[in-house]
Amino acid sequence: MIYSLDKINEMADGDDEFIKSVVAVFLEEVPQDLDELEKALGVKNYDSVYKLAHKIKPNVDLLGMEQTRAIALQIETLGKKEENTEEIERLVPLLKKDVDQVVSELKNDFKI
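Residue numbers (the UniProt record's numbering): 1 to 112.
Honestly, the hints are just simulated from the structure, not real lab data.
Note that the structure is predicted; figures quoted are calculated from it, not measured.
It is possible that some hints are incorrect.
Here are the simulated PhoX-like cross-link-like pairs (lysine-lysine), alpha carbons at most 25 Å apart as the crow flies [as the list claims (entries may be wrong)]:
(1) K57 x K7
(2) K81 x K44
(3) K39 x K57
(4) K44 x K97
(5) K51 x K80
(6) K97 x K7
(7) K97 x K51
(8) K80 x K39
(9) K80 x K55
(10) K39 x K20
(11) K96 x K81
(12) K39 x K97
(13) K81 x K55
(14) K57 x K44
(15) K81 x K7
(16) K7 x K111
(17) K44 x K55
(18) K39 x K55
(19) K39 x K96
(20) K97 x K107
(21) K51 x K81
(22) K96 x K80
(23) K7 x K96
(24) K57 x K81
(25) K20 x K7
(26) K20 x K107
(27) K57 x K96
(28) K96 x K107
(29) K20 x K57
FRET-style restraints, in silico, Cβ to Cβ [what the hints assert, rightly or not]:
(30) E89 x I112: 29 to 37 Å
(31) R90 x D16: 17 to 25 Å
(32) A12 x V43: 38 to 46 Å
(33) P93 x D16: 13 to 21 Å
(34) K39 x K81: 30 to 38 Å
(35) A12 x G42: 32 to 40 Å
All C-beta atoms, glycine included, are put in the ideal place defined by N, C-alpha and C.
All chains, full assembly: derive it from the sequences and hints.
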């Protein structure tokens, strides 16, 4: 398991509906943002790459995905500066792999 509900549980203070809503938002938004990020990378729109990585970062952070957050931060930083685009192309599949795994785990764990 590469995610943790510790931060969400702390915020939720026992409110299971809040936890479920945060998970539902993650499942709805993050894969869609990731698809858009891949498309932006494909057309070398690094401003969009930066913005989408910036948008994904707090969502993965909320789920305690520290390694994934670090990858998103690297993509965000490189995209903003339009530097080392080969590194962005190397990192995006790693981000996708982590997100896809967590999406699968969350759907299974929350019976969605």
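Structure-based check of all given hints:
1. For the proposed pair K57 and K7, the alpha carbon gap of about 14 Å is at most 25 Å, so the pair holds.
2. Restraint check: the Cα-Cα separation between K81 and K44 comes to about 13 Å, which is no more than 25 Å; the hinted pair holds.
3. Pair hint K39 plus K57 holds up; C-alpha atoms about 18 Å apart against a cutoff of 25 Å.
4. Distance hint between K44 and K97 is fulfilled; the C-alpha atoms sit about 21 Å from each other, no more than 25 Å.
5. Only pairs whose Cα atoms come within 25 Å are accepted, and K51 paired with K80 is accepted, the gap being roughly 8 Å.
6. Our distance criterion of 25 Å between C-alpha atoms is met by K97 and K7, whose separation comes to about 22 Å.
7. Pair hint K97 plus K51 holds up; C-alpha atoms about 20 Å apart against a cutoff of 25 Å.
8. Using a Cα cut-off of 25 Å, the hinted pair K80 and K39 holds, with the two alpha carbons roughly 16 Å apart.
9. Restraint check: the Cα-Cα separation between K80 and K55 comes to about 13 Å, which is no more than 25 Å; the hinted pair holds.
10. As the CA atoms of K39 and K20 are separated by approximately 29 Å, the hinted pair breaks the 25 Å bound.
11. Between K96 and K81 the CA atoms are separated by roughly 21 Å; this keeps the pair inside 25 Å, and the hint holds.
12. With a C-alpha separation of about 16 Å, the suggested pairing of K39 with K97 holds against the 25 Å cut-off.
13. With a C-alpha separation of about 17 Å, the suggested pair K81 and K55 falls inside the 25 Å cut-off, and the hint holds.
14. Only pairs whose Cα atoms come within 25 Å are accepted, and K57 paired with K44 is accepted, the gap being roughly 20 Å.
15. With a CA separation close to 31 Å, the supplied pair K81 and K7 exceeds the 25 Å bound.
16. Using a Cα cut-off of 25 Å, the hinted pair K7 and K111 holds, with the two alpha carbons roughly 21 Å apart.
17. Of the pairs offered as hints, the one joining K44 and K55 holds, with about 18 Å between alpha carbons and a cut-off of 25 Å not exceeded.
18. A distance of roughly 15 Å separates the Cα atoms of K39 and K55; the hinted pair therefore holds under the 25 Å criterion.
19. A hinted pair counts as satisfied when its Cα atoms are at most 25 Å apart, and K39 with K96 qualifies at roughly 13 Å.
20. Of the supplied pair hints, the one linking K97 and K107 holds, its CA atoms being roughly 16 Å apart against a limit of 25 Å.
21. Annotation: proposed proximity of K51 to K81 holds, straight-line Cα distance about 12 Å (limit 25 Å).
22. The suggested pairing of K96 with K80 holds, with an alpha-carbon distance near 19 Å, which does not exceed 25 Å.
23. Note on K7 and K96: the hinted pairing holds, with a Cα-Cα distance of about 22 Å set against a maximum of 25 Å.
24. Distance check on the hinted pair: K57 and K81 sit about 17 Å apart at the alpha-carbon level, within 25 Å; holds.
25. For the suggested pair K20 and K7, the alpha carbons sit about 13 Å apart, so the restraint of at most 25 Å is met.
26. The suggested pairing of K20 with K107 holds, with an alpha-carbon distance near 11 Å, which does not exceed 25 Å.
27. For a cut-off of 25 Å, the pair hint linking K57 to K96 stands: about 13 Å separates their Cα positions.
28. A hinted pair counts as satisfied when its Cα atoms are at most 25 Å apart, and K96 with K107 qualifies at roughly 16 Å.
29. With a C-alpha separation of about 19 Å, the suggested pairing of K20 with K57 holds against the 25 Å cut-off.
30. Look at E89 against I112: about 31 Å separates their beta carbons, and that is inside 29 to 37 Å.
31. A beta carbon spacing of about 39 Å between R90 and D16 contradicts the range 17 to 25 Å that was offered as a hint.
32. The beta-carbon spacing between A12 and V43, approximately 39 Å, falls within the hinted interval of 38 to 46 Å.
33. Judged by the Cβ atoms, the range 13 to 21 Å given for P93 and D16 is violated: they are separated by roughly 34 Å.
34. Distance hint check: the CB atoms of K39 and K81 are about 20 Å apart, inconsistent with the given range 30 to 38 Å.
35. Taking the beta carbon of each, A12 and G42 are about 37 Å apart, inside 32 to 40 Å as hinted.
Hint compliance for this structure: hints 10, 15, 31, 33 and 34 are not met, and every other hint is.
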